[in-house]
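Asks: What follows is each chain in one-letter form.
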Amino acid sequence: MPDSMGPNPGPVPGDAPVIAGAAVDEPTGGPVDGEARSMFRLGLEVFVQNRLAVVGAGVIVFFLLFCFVGPLIYHTDQVHTNLMLSNGAPGGAHPFGTDASGYDELGRLMYGGQASLEVGLAAAVLASVVGTLYGAIAGYLGGWVDSVMMRLVDGGFAIPPLFLLLVLSAIFHPNRWEMIVIIAALSWLGAARLVRGEALSLRVREYVQAVRVMGGSSMRAVLKHVAPNAIGTVVVFASFAVADAILLLAFLGYLGLGLQPPQTDWGGMLSDAINYINSGYWWLLYPPGIAIILVAISFNFLGDALRDAFEVRLRGR
Amino acid sequence: MIGFLIRRVLQAIVVLFVVSVITFILLHMLPGGEARAVLGVKATPVQIAAFNHTNGLDKSLPVQYVEWLGQVLQGHLGYSYHLNQTVASLIAEKLPKTIVLNAIALIISVGLAIPIGIRQAVKRNKAFDYAATGLSFIFYSSPIFFLALVLVLWFSLDLGWLPSEAPQSGSVVGILSQPTELVLPVLTLVLAQIALFSRYMRSSFMDGLVQDYVRTAKAKGASDLRVQYLHILRNSLIPMATLIGLSLPGILGGALIVEQVFNYPGMGLLFWQEAQVNDYPVLLGVTLIGGAATVVGNLIADVLYGVLDPRVRY
Numbered sequence: 001m002p003d004s005m006g007p008n009p010g011p012v013p014g015d016a017p018v019i020a021g022a023a024v025d026e027p028t029g030g031p032v033d034g035e036a037r038s039m040f041r042l043g044l045e046v047f048v049q050n051r052l053a054v055v056g057a058g059v060i061v062f063f064l065l066f067c068f069v070g071p072l073i074y075h076t077d078q079v080h081t082n083l084m085l086s087n088g089a090p091g092g093a094h095p096f097g098t099d100a101s102g103y104d105e106l107g108r109l110m111y112g113g114q115a116s117l118e119v120g121l122a123a124a125v126l127a128s129v130v131g132t133l134y135g136a137i138a139g140y141l142g143g144w145v146d147s148v149m150m151r152l153v154d155g156g157f158a159i160p161p162l163f164l165l166l167v168l169s170a171i172f173h174p175n176r177w178e179m180i181v182i183i184a185a186l187s188w189l190g191a192a193r194l195v196r197g198e199a200l201s202l203r204v205r206e207y208v209q210a211v212r213v214m215g216g217s218s219m220r221a222v223l224k225h226v227a228p229n230a231i232g233t234v235v236v237f238a239s240f241a242v243a244d245a246i247l248l249l250a251f252l253g254y255l256g257l258g259l260q261p262p263q264t265d266w267g268g269m270l271s272d273a274i275n276y277i278n279s280g281y282w283w284l285l286y287p288p289g290i291a292i293i294l295v296a297i298s299f300n301f302l303g304d305a306l307r308d309a310f311e312v313r314l315r316g317r
Numbered sequence: 001m002i003g004f005l006i007r008r009v010l011q012a013i014v015v016l017f018v019v020s021v022i023t024f025i026l027l028h029m030l031p032g033g034e035a036r037a038v039l040g041v042k043a044t045p046v047q048i049a050a051f052n053h054t055n056g057l058d059k060s061l062p063v064q065y066v067e068w069l070g071q072v073l074q075g076h077l078g079y080s081y082h083l084n085q086t087v088a089s090l091i092a093e094k095l096p097k098t099i100v101l102n103a104i105a106l107i108i109s110v111g112l113a114i115p116i117g118i119r120q121a122v123k124r125n126k127a128f129d130y131a132a133t134g135l136s137f138i139f140y141s142s143p144i145f146f147l148a149l150v151l152v153l154w155f156s157l158d159l160g161w162l163p164s165e166a167p168q169s170g171s172v173v174g175i176l177s178q179p180t181e182l183v184l185p186v187l188t189l190v191l192a193q194i195a196l197f198s199r200y201m202r203s204s205f206m207d208g209l210v211q212d213y214v215r216t217a218k219a220k221g222a223s224d225l226r227v228q229y230l231h232i233l234r235n236s237l238i239p240m241a242t243l244i245g246l247s248l249p250g251i252l253g254g255a256l257i258v259e260q261v262f263n264y265p266g267m268g269l270l271f272w273q274e275a276q277v278n279d280y281p282v283l284l285g286v287t288l289i290g291g292a293a294t295v296v297g298n299l300i301a302d303v304l305y306g307v308l309d310p311r312v313r314y
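So the sequence lines, in the order shown, correspond to chains E and P.
For the first sequence, the residue numbers in our numbering are 1 to 317.
For the second sequence, the residue numbers in our numbering are 1 to 314.
The set of hints was computed from the structure by calculation and includes no laboratory data.
Because the structure is a prediction, the values reported are computed rather than measured.
All C-beta atoms in this analysis are idealised placements derived from N, C-alpha and C, irrespective of residue type, glycine included.
Hints are supplied without guarantee of correctness; some may be wrong.
To be verified - Covered by chain P, according to a simulated footprint, are these stretches of chain E (three or more residues, beta-carbon under 8 Å): (1) 119 to 126; (2) 156 to 163; (3) 201 to 212; (4) 244 to 255; (5) 265 to 277.
Unchecked claim - Residues on chain P that point at chain E, a partial pick, calculated with CB under 8 Å: (6) V14; (7) I25; (8) L26; (9) S142; (10) L151; (11) L157; (12) L159; (13) W161; (14) L225; (15) V227; (16) L256; (17) F271; (18) Q273; (19) T287.
As the list claims (entries may be wrong) - Counterexamples of contact, computed for chain E against chain P with all Cβ distances above 12 Å: (20) L42; (21) Q114; (22) G143; (23) S147; (24) V148; (25) R220; (26) G232; (27) V235; (28) V295; (29) F310.
Please model the complete structure; the sequences and the hints are all you need to start from.
Replies: The structure is reproduced here in structure tokens:
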């Protein structure tokens, strides 16, 4: 079980740096393990010891509650515009003020956050699943299939994602579901590269060889043995991917290519704020911006801590 | 080394080929095709058929791809119907400006990230390290346009110290002669990049600190500064070279946003403006150039890795 992580994929150019971003950290110094305790338990301990990760998890839970439960308690009208209330400063009935259409800014923050979080999480999950399967198949099969599949990934990596995102959304004018697919289509490459590295080392393991000897199909080996054993890498990737997806969506919203009104997301709210930046309506700018940063940081913290928790080699150092 | 070089160049060519295929496929995903984009929504089917025929768009896709690739290889990236100019001439006009902006930002951010990362690694888990780590997490997780907007709000609107618009001059020299107008765009890029670079510098320097050669140098009586800046620094710069090569797509994306926010007349702004009017030849030409730049950047980074580190054997 401890070797399920395998060695890191090695110095494949473009490996962790692109995905993991700022997050390279030294071990948090986990406890010296007794054999009796499960790896899950050990991982959990390393995770909890990382205070930043606990804070990050707390912030994420807070925003999930804020966006999805909040509107049940704090009722606002996010459909009908009311120009009588437009651009009101914070205070009184509207603690965060109102925007140009007269929507309550606090309620808007909850409503926009639903889209940001939904799209961010769904895109990250979709990208992780697709990337994992792709990488596992490429690494497991090896040879020329692997070469062809990975050159495709290299090609995808070479195109600046923001450019591609702009072209795709200009072409499709995506709704929420298409947005998830487009963002996932830009983010799965990292997972594919990481899992492929793992699969290369997993395919020669005895338990994978045993499947082959027993007559199990390649499909079974990939789905039941190679992909599940790369789960640590994938989970770490996924948490960074959520942060990236939320930023990508915000970017689209900011450029006005995101969800169409009355729908919005945090990026779209920022886009509205720009029109009034000269008027000094700061309450339109800071709340969505800070919400994006807090959620993105939290998922980055989470990814960092998860990597430490899964990183078996670091244990007991 | 020669063998590696040849293999690596061949690989880069294959990746470039893949990039061109992806770009080409995008071109053909356009709703209604290029004819619809050029002739407008009122074009009759007859007109569209005629346009397709004169431009060779009624041939099979592989044939079209080969013809298109032949054109691209000769430097013909297409024609912008919106700006009435060839894409190649547009890019030749805008690219130097984008390079200038990014080169300035890159030099400053790397120049700052190296000493910050070193200090963080040496004084690990002290106040400075925590502060720098915290800031780098914040900047790394900020949407770059939010960063830009906050800077504009503070430094141009509230304090009135700096102009909120980038230099509008048509030439690179003209742009460089307006340094105050360059401050905010460059600052935005630097803040966004420094987070990533200092973080890597920190971890790469930390790896260096525990190496045997450091102990040897110290045992021979070398001062801390000498060991840090002469021995470790040179080794920890190697991963930085690779990182910069790999960050090119991100840097180009950041430049797109910064150019859009500050109205800086480079490739990013061009791309953004033409995206508004579905000027596909420009979008695809710029995407292709961006992809090619990344492939070449990665190639240089890989080769540099071998040159900088004689221990690397291929």
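Asks: Hint by hint, which ones does this structure get wrong, listed from lowest number up?
Replies: 1, 3, 7, 10, 12, 13, 14, 15, 18, 23, 24 and 28
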